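Protein chains in written order, with the numbering used here: chain Z, 1 to 493; chain H, 1001 to 1498.
Worth flagging that the hints you see were computed from the coordinates, not collected in a lab. For clarity, every value in this text was computed on a predicted model and none was experimentally measured. Among these hints, one or two may not hold up.
[Stated by the list, open to error] Coverage of chain H stretches by chain Z, computed from C-beta distances (three or more under 8 Å per stretch; other residues unrestricted):
{"id": "1", "segment": "1059-1072"}
{"id": "2", "segment": "1138-1144"}
{"id": "3", "segment": "1153-1162"}
{"id": "4", "segment": "1187-1197"}
C-beta atoms are modelled at their ideal positions from N, C-alpha and C, and glycine is treated no differently.
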Amino acid sequence: MDLAALLPAILLTAGVLAVIVADLLGRGTSPGTPLTLAVGALLLAGWAAMHVPTDGRLVLGALRADRFGQVMTLLCCGVGVVSLLATTRGEALRKPGGEFLALVLVAVLGMSTLSMAVDLVTLYLAFEMVSIPSYVLVGMRRADRLANEASMKYVLFGSVSSGLMLFGLTWLVGLAGGTSLEALRAALANGAAEQPVFYVACALVLAGFSFKVSAVPFHFWAPDVYAGAPAAVGGFLAVASKAAGFAGLVRVMGSLDLAAPALEGAERLGRVWPKGSAFLGLLAAVAVLTMTVGNLAALRQREIKRLLAWSSIAHAGYLLLALSVWSQGALAAMLFYLVAYLFMNLAAFLLAGVMIRELGTGDVEAFRGLGRRVPWLGIAFAIVLFSLTGLPPLFGFVAKLQVFTAIFEQGYVWLGVIGLVNGAISLYYYARILSSMYLADPEGEVKVPRLSWADGLLALVLVAPVLVLGLWWGWILEWARAVVPVTLLGMGG
Amino acid sequence: MLSLLIFLPVLGALLCWLLPAGQARWVNLLANLATCVLAGMVAVEAAGSTSYRLEAQHAWIPAFYGISYHVGVDGFAVSLLLLTAFVSTLGVLASWNIEKSPKGYHAMYLLLLCGMLGVFCALDLFLFYLFWEVMLLPMYFLIGIWGGPRRQYASIKFFLYTLFGSVLLLAAVIMIVLKHQTWSIPELTAAAGTSGLLGGGAGGLALAAFLGMFIGFAIKIPAFPFHTWLPDAHVEAPTPISMILAGVLLKMGGYGMMRIAYPFFPEAAAGMGAVISALSVIAIVYGALVAMAQNDLKKMIAYSSVSHMGFVTLGLAAGTPEGLNGAHYMMLAHGTISAMLFMIVGVIYERAHHRDIDRFGGLAWAMPRYSVLASFAFFASLGLPGLSGFIAEITTFIGAFNGPYKLAALVSLLGVVFTAAYYLITLQKVYLGQTPPAYLDKAHYPDVSARELAVLVPLALVTLWMGVFPAMALDCYRDVLNGLASTLSAAHAAVVAR
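For reference, chain Z alone in the conformation it holds in the complex (with noise of 0.2 Å):
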């Protein structure tokens, strides 16, 4: 048996014993040690994928070892470590222990796992292996009430749509015969995808995906979970545990939807779902009111992480789109704006948890007069905010520049219109922030925060990228283009 594949996982695995025990031995004596060995285990796992087999192997018949996990790992890896890292400049939880070290990687091999399934047992179980972690991580501060409240509702939510989709995955195996997605793509060439019991079943199990990806109507945990948790842990949750979710939701619909042979090279998806049919019109509908709902309650938060919870809403509205066009130009922008997102909301919510541990509150009015008496970080917070909105010439423009020419590109024009003019509204609650930092002038004694070189590392690590990557992207579309069919299309490579 080939576990060349698993080496990530494995390293991963290795990493949280590791953790959980030299915290048992060390504590007290090397409190560093813990958090070393887990930065540790994530760069190396990070580094292994880079180096696993891409060549679309089955490993154990349920994971599919390609270029698509692949990077998805990588991701997430790096996520973690700058999650963790991140953690110990933030706002709480500053001296991580290891059942949180340990709870952390476990949440990242469940996203590296979720990215590579192709059976649905497989599937379901690594999707509990993302969530179950993300509840005790939100909950982690005992003496917090606004934390367990959060964790609470995050637990209920989240134990209802994961029933509703296992319910849903009941079906579709009994439709394929078997678990894996391959069975159930032959039962669906059989005709088996013209019973009403898939639809009703492809309905199910999105929203077990719409509960991860906080789309309506399963978004009501987001803003307080991400309020509740240490900004870390909330740039962790919006960024890593919504791609892997998105990364899930696009292997399982890729891997169903293969048109006839006969047209390789050319548009491949469309066999299950053609353009126009039922379900990609219920995703569309989903995307609308998800970026739409997010973007309007946004406008009324007063507290930044509430704030980014609801941003981030409006976000996966704008994802979810782009996979409701469902073409693979519409594809490779989904993958784009995944990484763009990625960068800047991670950036987003970690200077975030900066400031409110300076300043002790999250109440965007208590940022008066910040921008001008600590630039650099003003500068910093501008550019992400500014790309989160979707101005250039930031990653975030460039992004939503792909995901609205692939919407455009299918004829979709008024679903492009909404998005665009989305993003024009969410510039009101984005340039508030700002108008607080720079625009109003201090009241009363002003807090002058101290920031140490490793605050203005963090936020130049995070922020770098958002401006980069605006004006030098071609490398990544064209990576992007490259993933989708040989990956996710079954095509060779």
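Chain Z is fixed; fit chain H onto it per the hints.
What follows is chain H alone, placed relative to chain Z:
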């Protein structure tokens, strides 16, 4: 050389940030003077040219429909480059005494300059859109940080309004690029011919894309009914930024119309001609009436901008050679005259700390030199023969009257009358009559300083020069716009024939 021209201000902005605060204004001034020199050199090369000169093209993102870094200017673009460099340099003098975070102010100012120059040089739609948007960021901060009491409201209103316009513009651009597989403005213009892109004609996709672009640019101009951000932005912006806003930023809307929207969709534009003419006339008359009703001097001038910009769209809608040339002459004339008017408001606001027309009076006796310059600007703006505003209005009027919408041309004359009325009334209230004793206090109301003269006098000279020798400025861009006019008249004939 164009790249140097565009990015020199960025270098200046970096220097502003690195050097001590006291040096920032000198860096800004030097960068602006260098820009003037470079713009002059570019003008020598490109004035009067119908083809793009000093072109530079480098592949940038070939994978995405061949985005390239592509710059170049013809006579039309270079006339606006000169205006930009000129107004911006005087703007630096006007902002000499900014005290609140001067480093940030001058750095933002230079970034704004980069955006403005870039818009007029870009020959690639992606690059054009990039500069178009990049300009918003410094503008937002310049109004928002250094503006008046309601600056937060005004800056976000400006930002949101223009962003909505930009988004419609972007939608149209995406449609065009998907259909024609190129971002190059010259190639797209050639592809459009006299019919238009996206299949051409006066309906369907071409019309939708034209409307998207039209609204995007109309917000910037600003054309009625998209003008409501302008008075707020002007009133709250600091004087130099008002000068730039009126002098250069508004002209980008007109530039976009003549460089992109109209050449790309001549037939759709011709089809919408009646509507655009009607909106222009409303802007001219309504703008003038609203200006007449203002008590705030700055707001009055802001509305007079709305009124004058109506002539730009009126000339465009007519599509005749005189109409287009007049419209562009209006942009150049208004660029200098309105910059002068805003400086005049700034001068008195600095002394009186209010702008209420009713509370002034008899300033001619308190500040004679200032009052002469103010009257000069007022007369220039109301269209006194011999000054640049007159040439612009009369040419546009002739153009509109030669065009298909004669009634609109006639009604627009009403606006000219109202304009004369509000300027004369204001002149009388502010500068003539009895002087309240407070204004005779020489310590608080000194006459214009040397620095203020250095801003006002060049503007006045250019206004006079453009009024007496219009041919020099016209020669710079006439051939380009005549070419556009023949395209538009062919398109109009095609639409009528159908």
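Results of checking the hints against the structure:
Coverage of the segment 1059-1072 of chain H by chain Z holds [criterion: at least 3 residues with CB-CB distance below 8 Å; count 5]. Under a criterion of three residues with beta carbons nearer than 8 Å to beta carbons of chain Z, the stated coverage of the segment 1138-1144 of chain H is upheld, 3 such residues being counted. For the segment 1153-1162 of chain H, the assignment as covered by chain Z holds, since 4 residues bring a beta-carbon within under 8 Å of that chain's beta-carbons and 3 suffice. Counting residues of the segment 1187-1197 of chain H whose beta carbon lies closer than 8 Å to any beta carbon of chain Z gives 0, which falls below the threshold of three, so the coverage claim is violated.
When held up to the earlier numbered hints, the structure conflicts with hint 4 and nothing else.
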